[in-house]
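J.: As they're listed, the protein sequences go chains A and B.
Under the numbering used here, the first residue of the first sequence carries the number 18, and numbering increases by one thereafter.
Under the numbering used here, the first residue of the second sequence carries the number 223, and numbering increases by one thereafter.
Keep in mind that the hints are not guaranteed to be accurate.
List time: in silico DSBU-like cross-link candidates among lysine-lysine, alpha-carbon distance up to 35 Å [claimed, not checked]: (1) A:Lys471 / B:Lys549; (2) A:Lys40 / A:Lys442; (3) B:Lys226 / B:Lys541; (4) A:Lys337 / B:Lys541; (5) A:Lys90 / B:Lys477; (6) A:Lys302 / B:Lys226; (7) A:Lys90 / A:Lys40; (8) B:Lys541 / A:Lys85; (9) B:Lys541 / A:Lys209; (10) B:Lys541 / A:Lys475; (11) B:Lys477 / B:Lys541; (12) B:Lys477 / A:Lys188; (13) A:Lys209 / A:Lys442; (14) B:Lys288 / A:Lys471; (15) A:Lys412 / B:Lys261; (16) A:Lys209 / A:Lys337; (17) B:Lys373 / A:Lys277; (18) A:Lys40 / A:Lys209; (19) B:Lys477 / A:Lys40; (20) B:Lys373 / B:Lys549; (21) B:Lys288 / B:Lys373; (22) A:Lys40 / A:Lys471; (23) A:Lys209 / B:Lys226; (24) A:Lys209 / B:Lys261; (25) A:Lys90 / A:Lys31.
Note that these hints are calculated values from the structure, not bench results.
Next come the chains, spelled out residue by residue.
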Amino acid sequence: MSELWVELEINNRKIARKTQAHKRLLDFLRDDLHLTGSKEGCGAGECGTCSVFVDGRLVKSCLMPVAKASGCKVETIEGLAAPGQLTTIQQAFHKTGASQCGYCIPGMVMAATSALRQNPQAGIEEIKERLGGNICRCTGYTKIFEAVELARAVIAGDQSEDVLAEEPVGKSYIGHNQRRIDAPARLSGRLKYAADIRMTDMLQMQVLRSPHAHARIVSIDTSEAEAMAGVAGVITSEDVPGTDGFGVFVHDQPVMARGKVRHVGEAVAAVAAEDLITARQALAKINVVYEELPGVFDPEEAMQPGAVVLHDYAADNIVKHIPLRKGDVAAGFAEADIILEENFSTQQVEHAYLEPEAGIAYVDADDVVVVISPSQNITHHRQMLSRILDRPINKVRCIMSPVGGGFGGKEDMLYQGMLALAAMKTHRPVQLVFTREESIVASAKRHPSRVRYKMGLKRNGQILAIRFSMISDGGAYGMSSEGVMRKAAILSCGPYEVANLCVDTTAVYTNNTPSGAFRTFGGMQAQFATESMMDIAAEALEIDPFEIRRVNMMLPGSKTHTQQELNSASLDRVLEAAEAASRWETGAPHMRGATRSDLGGADTRAPCTLGARFAGGRPGADGKERVW
Amino acid sequence: MERKLRGRGVAASWYGIARTATIDRAGAWAELDDGGTAKIVTGVTEIGEGILTLLAQVAADALGIKPSDVTIGDNDTARSPEAAHAGATRQTYMIGNAVTLACREAKMALFEQIATHWSVDIDCLLAFDGELQARGHNLRMTMEEAVATCKAHGVVPVGSASFTAHGTGLDPVDGSGSPWQAYVFGAQVAEVEVDTYTGEVQVLGIWAVHDVGRAINPRGVEGQIEGGVVQGLGQALMEEYQTVDGHPVTPGFAKYILPTALDIPQINCTIIEDPDPLSPLGAKGIGEPALVPTAPAIMNAIYDAIGVRMTSLPATPEKILQALQDKTPGRGRDVRTARDEGAQSQELAQRRGAL
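Only chain A is shown next, with the shape it has when bound in the complex (with noise of 0.2 Å):
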């Protein structure tokens, strides 16, 4: 690798230092300074969690080679405050609430000091646009939004600083806005996550994935990966000394593909190296021959006889069907005023949380395997690796490093095994992270769903049947499906009383990447059909919206579509709450949009027009430097 000598400053220190000529300002960073603060989220220009200002000017530094940043001063997230000290900025986010996993806020808080620095009466318009190449998976950006604004009405002095402090306590904790006490450590860059981690003598792994979607896997030749220079060891499934298996409901996910492959991106082998790009080399020196199989894509092909089958316990490719039956369905039917039916549909969706997958694994003094990962189950990853691993469970320890965005998505175990495989055969530390890609291409996604409704009313609204089918795909894996159609099926005719229901959820296995947790487990794709039925419903019959849904809401002793009786229900005041805030006009849904008078209240934002938000010129045209 080609060495080159750099000098910079960075946040006021100079640095002259020899690197590696392919390394970007980030990884200089991060790796040569371990200014870990600046995070990789996407490695593309398109995340923000990188930003660093160089000669002033906010820069993704994941885009920047190393050697344009020679002779530069750099400042960083670490660099905006004394040790121990936050920021205007950096302590009205803490007021707001404005970070939350905080992978996202070391960049997001150097985009505010950007937009502020460039211009201090920056309109909440104009904030906006500034941080708009800044993406936050958690927050919703609205307590960013605050938190920019305070600042800059405390830098200007239209507000004393004393609103950034935490507010009196009043008769009790509960109830109290209390600032989040984690928020200083994710604000000012210093929280460790797993990539940020470094320990002595740790090796860096790469995963060798799957360029097919259903293969069977003729042989692994990994000798060649195996001599090279820096290379510690190669793993396989060949390395499982215990039952190779895991999965929240069914354990049909071995640690890696063992036999075939059934998705792209699969897991196939590992390598654990002196360092990353020994590592990744070494890929490309492991031979597999694949034998390419017949895939199958759609769920519902898959559920037709003679299709592909891709697990041989299920001969129909049925990850699970949950049905629901209460009271007579076509009794139901034939009562009603009215019967409606519509299909729907609902998208594979990214987690897409800001922190890419990352851990680390090792063998401790007392034999015991430790993986810290951003697990959000380090509770069930423990007991199947037990079971990987063949070692007594209070010889393997999970500990949860901060985790940068989950919303379900680092519950299902993914790699964590293979770590701790590495770790035992090379007893030295490993540690492995994502690159954004992989994250796509490799971890669960939200279940796509299919849903056919039927649903009959009285003619004042009454639901008096529904018959509701969801199928959906779960990918090449069981991993969370089961959970999934649970939920979507107790949860699929929405808060409402329905005498008569037939209910039936399915998951079925395709060669597409699997499905599994995602943020309301299915719910949201079940009372995303409901919901617009009950729309549907309501221009039908004439009927405002909210009173359709009080006519059939749940109550204190309904009994719910799995016939469990309720011990409390708040709907009634639920809705009542969101027509009086919202200051809803009654009215039948018929395209009225054009008529209401309800609309563009000061509780609204102004559409936005892409790049027409910087009130004068071109922004920072003062020229003026600003730092604080």
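With chain A held as given, fit chain B onto it using these hints.
T.: Frame of chain A, contents of chain B only:
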């Protein structure tokens, strides 16, 4: 037809709290420590939602100290009691209640010693914000002094607890059962503007009303609602992971489109507090339920604006234009003509590239 049309829609929702159709459980340990501080240990915590802060508030309230004096040790299967997992909208409910119960036990251990020390009835002791008093007596001490007094009696004030939520499995034939003991309800209204030339939908306002049980940290609840709404908006309008014969064609954020600062509606939150009758805290949860009604509220608003029913998510500009064309035969030609006429507009010219 006007180019830009607005409309509004509403959707309601419900959700169950904690793990589904099973007995859920969580454990916690508590210790009142030197200086009137506290150590809380539990198995699983922060994934960004603010649970560490919430647990500090809950512990402070139960112990009579300040949240800043609470140290939370967590996240380690070899060092902390099981608290299962960080998901299923269960942390406030399961772990919050486990911590509450553990803290109550630790505080009672302390109160027993202080009642003896002061020769007062234990029921008259009250601790809040770092100070302990005996109501009806002129007796006060700091919690720092109280812990020292307790330890001088030979007692380390510790507590532990397990909290259970009694869900049952579903019948395999008719699905009957009681999957959760606590439910929350919500409703959201969306206001949208649809550009009938480009098919682009902008969400201008969301009114989000959610029952969360007792709101331990209202600002944190708002943060969860706002984040949920924006994930719902992304799913409603732009996000789509696509594969062709199993091969991903949206492998990065250039192809997989996420909501940014410019897509965000004004989000108006209203918190409804209907306390849970079955748990000591009375809190329920908000993490997942917040995004359930967003997409259908937006689709209902699009219908209100332009009279087309979007049944397939996401409602991309392409699908909106197609639906408008299907609704009005011959309209496709009109739209194209209109676009050509509008080409002198710089903004429209920019957008044509995107189309």
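J.: Indicate, hint by hint, whether the structure satisfies it.
T.: Results for each hint:
1. Note on Lys471 (chain A) and Lys549 (chain B): the hinted pairing holds, with a Cα-Cα distance of about 23 Å set against a maximum of 35 Å.
2. About 30 Å separates the Cα atoms of Lys40 (chain A) and Lys442 (chain A), which keeps this hinted pair within 35 Å; it holds.
3. At most 35 Å may separate the alpha-carbon atoms for a hinted pair to count; Lys226 (chain B) and Lys541 (chain B) meet this at roughly 17 Å.
4. Distance restraint check for Lys337 (chain A) and Lys541 (chain B): the Cα-Cα separation of roughly 32 Å lies within the 35 Å cut-off, and the hinted pair is therefore satisfied.
5. With a C-alpha separation of about 33 Å, the suggested pair Lys90 (chain A) and Lys477 (chain B) falls inside the 35 Å cut-off, and the hint holds.
6. A C-alpha spacing of about 57 Å is found between Lys302 (chain A) and Lys226 (chain B), which places the hinted pair above 35 Å, so the restraint is violated.
7. For a cut-off of 35 Å, the pair hint linking Lys90 (chain A) to Lys40 (chain A) stands: about 18 Å separates their Cα positions.
8. Between Lys541 (chain B) and Lys85 (chain A), the direct Cα distance comes to roughly 44 Å. Violation of the 35 Å bound is thereby established for this hinted pair.
9. Our distance criterion of 35 Å between C-alpha atoms is broken by Lys541 (chain B) and Lys209 (chain A), whose separation comes to about 43 Å.
10. For a cut-off of 35 Å, the pair hint linking Lys541 (chain B) to Lys475 (chain A) stands: about 33 Å separates their Cα positions.
11. Restraint check: the Cα-Cα separation between Lys477 (chain B) and Lys541 (chain B) comes to about 17 Å, which is no more than 35 Å; the hinted pair holds.
12. A hinted pair counts as satisfied when its Cα atoms are at most 35 Å apart, and Lys477 (chain B) with Lys188 (chain A) does not qualify at roughly 51 Å.
13. With a C-alpha separation of about 26 Å, the suggested pairing of Lys209 (chain A) with Lys442 (chain A) holds against the 35 Å cut-off.
14. Proposed proximity of Lys288 (chain B) and Lys471 (chain A) is contradicted: the alpha carbons are some 55 Å apart, above 35 Å.
15. Pair hint Lys412 (chain A) plus Lys261 (chain B) holds up; C-alpha atoms about 26 Å apart against a cutoff of 35 Å.
16. Proximity of Lys209 (chain A) to Lys337 (chain A) is assessed by CA-CA distance (about 39 Å); at most 35 Å being required, the pair is judged violated.
17. At most 35 Å may separate the alpha-carbon atoms for a hinted pair to count; Lys373 (chain B) and Lys277 (chain A) exceed this at roughly 62 Å.
18. Between Lys40 (chain A) and Lys209 (chain A) the CA atoms are separated by roughly 21 Å; this keeps the pair inside 35 Å, and the hint holds.
19. Our distance criterion of 35 Å between C-alpha atoms is met by Lys477 (chain B) and Lys40 (chain A), whose separation comes to about 25 Å.
20. Distance restraint check for Lys373 (chain B) and Lys549 (chain B): the Cα-Cα separation of roughly 78 Å exceeds the 35 Å cut-off, and the hinted pair is therefore not satisfied.
21. Taken as a hint, the Lys288 (chain B) and Lys373 (chain B) pair is honoured in the structure, with Cα atoms around 20 Å apart against an allowance of 35 Å.
22. For a cut-off of 35 Å, the pair hint linking Lys40 (chain A) to Lys471 (chain A) is broken: about 58 Å separates their Cα positions.
23. Under the criterion of a C-alpha separation no larger than 35 Å, the hint pairing Lys209 (chain A) with Lys226 (chain B) is inconsistent with the structure, at around 47 Å.
24. Restraint check: the Cα-Cα separation between Lys209 (chain A) and Lys261 (chain B) comes to about 22 Å, which is no more than 35 Å; the hinted pair holds.
25. For the given pair, Lys90 (chain A) sits about 9 Å from Lys31 (chain A) by alpha-carbon distance, which is consistent with the 35 Å threshold.
Against the hints set out earlier in the document, violations occur for numbers 6, 8, 9, 12, 14, 16, 17, 20, 22 and 23.
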